[in-house]
Amino acid sequence: MNVAVVGAGTMGHGIAQVAALAGYETALTDTNVDALTAAAGRIQKNLDGSVERGKISAQDARNALARLAMIEEMEAAVSGADLVIEAVIEDLAVKRELFVRLDSSTLPSAILATNTSSLSVTSIAAVTKRPGRVLGMHFFNPVHIMKLVELVRHEQTDSDVIERAREITIEMGKQPIVVTDSPGFASSRLGVVLGLEAMRMVEQGVAKPEDIDKALELGYGHPMGPLKVSDLVGLDVRLAIAEYLHQELGQPHYEPPALLRDKVAAGELGKKTGKGFYEWPPNK
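Position 20, counted from 1, in the sequence shown is what this note's numbering calls 26; the numbers after and before it change by one each time, with no gaps.
Be careful, since some hints might not be right.
[As the list claims (entries may be wrong)] Restricting the straight-line Cα-Cα distance to at most 20 Å, the calculated cross-link-like pairs of lysine to aspartate or glutamate (EDC-like) are: (1) LYS135 with GLU161; (2) LYS214 with GLU285; (3) LYS61 with GLU177; (4) LYS278 with ASP242; (5) LYS135 with ASP166; (6) LYS153 with GLU169; (7) LYS214 with GLU274; (8) LYS135 with GLU103; (9) LYS220 with GLU209; (10) LYS180 with ASP66; (11) LYS135 with ASP109; (12) LYS220 with GLU285; (13) LYS153 with GLU177; (14) LYS278 with ASP268; (15) LYS278 with ASP97; (16) LYS135 with GLU81; (17) LYS153 with GLU223; (18) LYS281 with ASP242; (19) LYS278 with ASP88; (20) LYS135 with ASP88; (21) LYS180 with ASP166; (22) LYS153 with GLU173; (23) LYS278 with GLU216; (24) LYS281 with GLU209; (25) LYS180 with GLU169; (26) LYS281 with ASP268; (27) LYS135 with ASP164; (28) LYS278 with ASP40; (29) LYS214 with ASP268; (30) LYS135 with ASP187.
Simulated from the structure, these hints should not be mistaken for laboratory data.
Let the hints inform the model, and build the full structure from the sequences given.
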């Protein structure tokens with residue numbers, strides 16, 4: 007099977023990595039050559055780390071790299087794909103425009119998936135001539151470590167497409183859940199509420215970020231606290247999702263706190279900029 011991933015950023019390079027490791031011929035495409043170069047370096051680093059930790063063999067890593075192609079021109083990357091996974095910026099207009107192009111550049115039988123964490127899959131599918139073959143495949147960061155993939159079904163998604171996506175997800179070593187298309191799906195609605203409330207607690211001086219995170223990690227068994235998760239996701243991404251959910255659902259607990267807006271305005275976006283609620287070492 008051939009997989010194409012559109013967008014070589016934080017999510018895209020990880021999705022391409024797990025697809026290649028699963029045995030799929032994989033193309034990763036991005037109009038930004040520098041992004042493709044950076045993605046290749048990150049994938050190599052991740053695979054090397056997995057070999058060092060005994061998670062995969064050195065031969066597994068070599069085989070995955072041999073299956074992975076970095077392609078600048080999108081149409082060339084997706085033309086023969088059986089599954090295309092979009093992982094571009096979390097902007098509905100951008101995604102809809104991309105899916106118009108994908109609809110005309112891919113095999114009629116291809117499944118088109120969006121990695122959106124909160125946007126309407128129904129709206130994205132509507133711009134194609136094959137809405138039944140469109141679904142959400144929401145991976146989590148870092149993709150090569152996080153096990154969950156949220157499969158998002160809209161009203162017209164074919165049952166066999168959901169089933170095939172479920173099989174592929176398992177073959178990638180992930181655990182799928184199936185949710186109905188609604189703002190924020192299941193994971194983002196829950197995660198954003200926790201993250202925003204934690205930010206309000208920092209804003210109100212209830213506790214320091216590390217102590218708030220420890221409360222969830224040690225008291226409730228969360229592997230990582232909501233503020234650290236927010237830094238990994240990107241505070242700009244978290245703000246955009248919160249604004250979208252607040253607009254769509256109208257509930258006050260989705261309204262972004264001033265602290266989040268201030269950090270984004272100051273360029274403190276989390277791990278990718280070296281500072282958010284925590285200080286992070288530079289990406290190498």
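Quick rundown of the hints versus the structure:
no. : hint               : result
1   : LYS135 with GLU161 : holds (15 Å)
2   : LYS214 with GLU285 : holds (14 Å)
3   : LYS61 with GLU177  : holds (16 Å)
4   : LYS278 with ASP242 : holds (11 Å)
5   : LYS135 with ASP166 : holds (17 Å)
6   : LYS153 with GLU169 : holds (18 Å)
7   : LYS214 with GLU274 : holds (17 Å)
8   : LYS135 with GLU103 : holds (13 Å)
9   : LYS220 with GLU209 : holds (17 Å)
10  : LYS180 with ASP66  : holds (17 Å)
11  : LYS135 with ASP109 : holds (7 Å)
12  : LYS220 with GLU285 : holds (17 Å)
13  : LYS153 with GLU177 : holds (12 Å)
14  : LYS278 with ASP268 : holds (17 Å)
15  : LYS278 with ASP97  : holds (19 Å)
16  : LYS135 with GLU81  : holds (17 Å)
17  : LYS153 with GLU223 : holds (18 Å)
18  : LYS281 with ASP242 : holds (12 Å)
19  : LYS278 with ASP88  : violated (32 Å)
20  : LYS135 with ASP88  : holds (16 Å)
21  : LYS180 with ASP166 : holds (19 Å)
22  : LYS153 with GLU173 : holds (14 Å)
23  : LYS278 with GLU216 : holds (19 Å)
24  : LYS281 with GLU209 : holds (17 Å)
25  : LYS180 with GLU169 : holds (14 Å)
26  : LYS281 with ASP268 : holds (13 Å)
27  : LYS135 with ASP164 : holds (14 Å)
28  : LYS278 with ASP40  : holds (16 Å)
29  : LYS214 with ASP268 : holds (17 Å)
30  : LYS135 with ASP187 : holds (19 Å)
The structure fails hint 19 only (numbered hints given earlier).
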